[in-house]
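So you can see what is in the structure, the chains are spelled out below.
Protein chains: 4
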Amino acid sequence: MSSTIGGSVSVEFGCLRKYEVRRLSTRQGSGRMLSIRASVASSPDTLELSKANAKQAEKTVRVGVLGASGYTGAEIVRLLANHPHFGITLMTADRKAGQSIGSVFPHLITQALPNMVAVKDADFSNVDAVFCCLPHGTTQEIIKGLPKGLKIVDLSADFRLRDINEYEEWYGLPHKAPELQKEAVYGLTEVLRGEIQNARLVANPGCYPTSIQLPLIPLIKAHLIEPRNIIIDAKSGVSGAGRGAKEAHLYTEIAEGLHSYGITKHRHVPEIEQGLSDASNSKITVSFTPHLMPMSRGMQSTIYVEMAPGVNIDDLYEHLNNAYQAEEFVRLLEKGVVPHTRHVRGSNYCLMNVFQDRIPGRAIIISVIDNLVKGASGQALQNLNLMMGFPEDTGLQYQALFP
Amino acid sequence: MSSTIGGSVSVEFGCLRKYEVRRLSTRQGSGRMLSIRASVASSPDTLELSKANAKQAEKTVRVGVLGASGYTGAEIVRLLANHPHFGITLMTADRKAGQSIGSVFPHLITQALPNMVAVKDADFSNVDAVFCCLPHGTTQEIIKGLPKGLKIVDLSADFRLRDINEYEEWYGLPHKAPELQKEAVYGLTEVLRGEIQNARLVANPGCYPTSIQLPLIPLIKAHLIEPRNIIIDAKSGVSGAGRGAKEAHLYTEIAEGLHSYGITKHRHVPEIEQGLSDASNSKITVSFTPHLMPMSRGMQSTIYVEMAPGVNIDDLYEHLNNAYQAEEFVRLLEKGVVPHTRHVRGSNYCLMNVFQDRIPGRAIIISVIDNLVKGASGQALQNLNLMMGFPEDTGLQYQALFP
Amino acid sequence: MSSTIGGSVSVEFGCLRKYEVRRLSTRQGSGRMLSIRASVASSPDTLELSKANAKQAEKTVRVGVLGASGYTGAEIVRLLANHPHFGITLMTADRKAGQSIGSVFPHLITQALPNMVAVKDADFSNVDAVFCCLPHGTTQEIIKGLPKGLKIVDLSADFRLRDINEYEEWYGLPHKAPELQKEAVYGLTEVLRGEIQNARLVANPGCYPTSIQLPLIPLIKAHLIEPRNIIIDAKSGVSGAGRGAKEAHLYTEIAEGLHSYGITKHRHVPEIEQGLSDASNSKITVSFTPHLMPMSRGMQSTIYVEMAPGVNIDDLYEHLNNAYQAEEFVRLLEKGVVPHTRHVRGSNYCLMNVFQDRIPGRAIIISVIDNLVKGASGQALQNLNLMMGFPEDTGLQYQALFP
Amino acid sequence: MSSTIGGSVSVEFGCLRKYEVRRLSTRQGSGRMLSIRASVASSPDTLELSKANAKQAEKTVRVGVLGASGYTGAEIVRLLANHPHFGITLMTADRKAGQSIGSVFPHLITQALPNMVAVKDADFSNVDAVFCCLPHGTTQEIIKGLPKGLKIVDLSADFRLRDINEYEEWYGLPHKAPELQKEAVYGLTEVLRGEIQNARLVANPGCYPTSIQLPLIPLIKAHLIEPRNIIIDAKSGVSGAGRGAKEAHLYTEIAEGLHSYGITKHRHVPEIEQGLSDASNSKITVSFTPHLMPMSRGMQSTIYVEMAPGVNIDDLYEHLNNAYQAEEFVRLLEKGVVPHTRHVRGSNYCLMNVFQDRIPGRAIIISVIDNLVKGASGQALQNLNLMMGFPEDTGLQYQALFP
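Residue numbers (our numbering), protein chains in the order written: chain R, 1 to 403; chain V, 404 to 806; chain B, 807 to 1209; chain L, 1210 to 1612.
Chain R extracted, bound-state conformation (with noise of 0.2 Å):
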């Protein structure tokens, strides 16, 4: 974005859209993209408005994506595509470098952006805030490296455990920056939204932590289900394992069936105890048991607990019920209604319900969410309209893709 942007106009045009002003700024710039359309040319308002966005530029946020060629670093763009404040002016990609986002990813060749650059060639003057899209180990160390103004949301894992120990145990690799892990707020907005608000560096929360904390904390905290036997079946779509071409994950291996893995060993166990343990002052064990669906996208968490002594299945629906009623993004369905990953995705909400087991006194909790949006590149963006000052919600009022 040039310097000419200031902020007074933000009063009275605030509201214009992103995408006028890339058009701007594209006609300014290089003119290289198809984008600057003739329409926008001819029209009378469009002088108006070519005037208006060339104030508005200068507002926004300049948003740089860290590994903008995987799966979480095209969300963010997809998703900032229409944010009315922040402007991406840098994106990374080592082994793509010098290469446009749509080579990569032509379901983004409609947007006009800066090509994408090694992380070491990359300027940061002109960045305000980063989204790290890296792969986990070789976050800390870029992190560490980066000018000390810039706001971060790591949506690695490298920073989501508090205890180094337990992140070199898991990740088998020495934490490098420990003194920034310190100062690491872990992103669950809806639970820690205070603090993100404060934060410098957000370490973004995983798919599946995400869909399992978000129910269990309020439930943990309040005392109305038991922190023991937390069994959680866990089911979600392959996009979570990334754009790296592996066989286990080409289509003819994935499609029409389905499969658990790393049972007892994946390494979102240790963030999810984390947060359990937490909520409930005491150091809580989960059975974990992921599965891999013949699906692109959507996650499923199926979490089988013990209510307390006395409480019932409406005990937990209505403090769910208070605990979220006043979120934009989590919702408890009516009562007997099943979430459905389908009816989330591309979209940032988490949707659950709470229902009676056979077995008296238990309970099934199922959350539903995409573990694309909500579970990283959407959270990530709702922690940084927090960091930034701007309501949470802004740029993510996406409805669900269906069918």
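It is possible that part of the hints are untrue.
Unchecked claim - Derived EDC-like pairs: lysine to aspartate or glutamate, alpha-carbon spacing no greater than 20 Å straight-line:
| # | chain 1 | residue 1 | chain 2 | residue 2 |
| --- | --- | --- | --- | --- |
| 1 | L | Lys1455 | R | Glu334 |
| 2 | V | Lys499 | B | Glu1053 |
| 3 | V | Lys649 | B | Glu1053 |
| 4 | B | Lys1027 | B | Glu1053 |
| 5 | V | Lys499 | R | Glu334 |
Hints listed in this document are in silico derivations from the structure and should not be mistaken for laboratory results.
Put chains V, B and L on the given structure of chain R with help from the hints.
This is chains V, B and L only, laid out in the frame that chain R set:
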């Protein structure tokens, strides 16, 4: 649309995104989304909310969706969720009368919308424009009965064929509103934009005809391809068949297989031939073979044509480039790049490209759309935007959902 | 089955493949199928073969398929195509009476089979055994009316519950053949082989109960797991829902998503509890949550159990190994290897394994089957093989179809 | 099987199905299948088993599968599981040397087979025939080095093109066994059956060429269609791309979308044109556009042709009927019936039909196969059956797996 929508007002308020308005009204009401949903029905918040809505309603175009319980109706609702000027004040669905949209389409559960009513019970007094998503054959009479002041976009096939005899031949029914037929404008936006802007009744194109006419009409008009032996091998996702319960469209009958259907007999044939014949000023008969794909959304037309004498593939490319470089939603890809249906999923784009055939003098044209968006509800919204005087991309800036 | 099927004959001719028989009978019959291939007729081998076949035809078991127009009926037909001793002489389908199987199931078009008739018009005089693939609730009366000499494998739920009150409670219907109920043997082959061999009427198990009881019954009998708090998270392909046209099972409603259904209320619950309670000699109540998967075939049960005091995971493994090492169709995988549903697609195998849970004292048991084969028609054939005195794997030697 | 089934009987009739033999040997061995699997490697049972196998081996054709770790290799193994005369005695896979087939393809875990070895370490002394499932470009040299007495069916493209220059042009490699090329017989079974029966080296056709040539060759030979402007719009499942790990074939990149690829440049073009030109006695150039479908198996070719003057659609139908009515695996459907890929899934059938186009004088031809069966391993087995003097359908009597 109320007459208060004009220059001055829209300068002040026209840019408010819908959800901001909703959030505002919420704040004046109970301060949370859930209560909006409840309040639509019966809660004490309703009065407050009604006032807020009343105000808001003045500023927005009040839209009715007739036939909201089908896929194209639901897609209208999805798209309008982020439209800054259009608000839904009426939804009809005869068999679901009395139900909320969330009970019929749970992916829309987070929206605050009026319950559905039977079309015969619909009150059009607070409606400025309607999307008519009713089945073929039933639509003519219903539209005939609507208040004359309404702007109408009809997504059925009932007004697409200018020649009433042709309608009766292909649909096996007498045309019930021949006088309206004369008034109806065919809504292929990029081709008939001028007429659409001034229309009261727009016959929104079919999905196949949209994907086929967009690349062919400019080439035929310019005499770059022969009007004879145009061979169209089209592929569609299953959502084009609607939500009716049919054995042939069960998951088990569709997944992991494909087949041709309606060979030489598909009802989109006369619509395609009408458009191409208009462009050619001569009667064109096409070969058209649709195929049902194991996917929910998406459509590709692979079109095999003879180039006119002396014409080469670069001529085709350049001509399409000129024709569409100013368009936002129709994009000619870079030379050699193949369009994929997945790159337009959920978006209003049509991507296309042309390729030299191995047989000298022949070319292969490929265009892809999302059958429910540019092939139905998206183009319908594009058209209503035009009819109401807004930029045609208003509320349509969705990027494709991938993966 | 005719009495001429015995040792000596099978020594001479038992190896002739079924399709040879089919061809011959077709030729002697109406000759209507394309499948009387000229090559068969013209090769010198044919005459010899025909003579052998003529004899063979007399010896085969003449099988009726009641309800041949559903998925389990079609699967019976598919499996019998290569059975050396069973030939189909009767197929019923009330709503498809008069049609050929190929017109209802085009994937079976290459078989020469009798046309379907209404069950009321069925002639059982040339039938030795029937597979009854009719809907729950209608089956009791039909089976009551069958000739007493017939061997019957009933794939419906109508005879699975010994306790008639339980049937009436879960199915909401009075039991119409209580005297037959006493005679019916539950057809879980590996568990009740002896009884099945001597049965006239076998109640073939449901798909979920098969996948659940096979691993659990040996462990419960041996007191290796606790009978309390058995939590079953089960996942099924859509074919289990049958071929009825329902909106909820349309491709567009199922693809790329998943959901739980029938929570605590699925009709397979009493069948599961009956089998486990028998094994335990005490009343067992299970937690059972089925999930509908975006796939046509396949079923996995992920079962969370408490091990008995002093028992460890190796004890479970060894016991299952002993229980099933002599079985052809039930396979305990090597330690640590995870069963996938895709590895049994189209086959009669049940693959299983056991895993140590993170929570001390708990275990995770996984079993997978093809719901239409081992979960329905395959096990039915396995049972009829036993009932007719053949090796139970006859005609069931299909490897899984992968990918 | 009755106890009277022993060596002598099988000597007489040779028709014992493979699994019966396996069961017998099992009984003589340890009495259970698991031990067979183990024993192949090293258990004490091996000696006993070896004796049984040794006997059995005398009676069967000893088959080697070169390249057993790919999809076509695995499909050979699946099909041979029920073959009465062919037994696998050698499997090679360079990168998986030392592994069992079950560890590479768990769906084949129930078979008792030799471990895989590197092709350079293969012992061909106990092999009578090989299926060569190696990559294009590597096969010529390997086949050149095989013992001369072996019968060979090569599933690669390395010997399909008679014109060595054409091979070098399309594959960019010098042909490394031009002398063998002269000997190689093209294995389109129904067209070249006589030559195949006497061949030592058969070049098994590609999947696209099989689906295209089967309907076109008879029509071209009979001069019923014009040799010019043959337009082929072909659709394939993803398994045709093999098991190599590529980003483009990840589940997330393929599901719920389709695209054309290799437009005008697919390597099957010269093979198709070679076959059609042979039939026409003139050089034919086709338009060929393959499309990648979101499904694992299945292939459809939709072929648009001009009928010769005076020819009508019934002429085409009758001629194809005559051409194929004696064939077991090629089926012309009843008039008007549309072939579906799902109706041949897992089977060796090719279903086809012809349709009158809307454009006078034109016809639409549709043929479907399973690309891994009739398009690869099934036809290879059909060919080896012929080469070894068995009925060509031996072991190939699989019905399609549907749903």
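Each hint, compared with the structure:
no. : hint                    : verdict
1   : Lys1455(L) x Glu334(R)  : violated (44 Å)
2   : Lys499(V) x Glu1053(B)  : holds (14 Å)
3   : Lys649(V) x Glu1053(B)  : holds (8 Å)
4   : Lys1027(B) x Glu1053(B) : violated (42 Å)
5   : Lys499(V) x Glu334(R)   : holds (19 Å)
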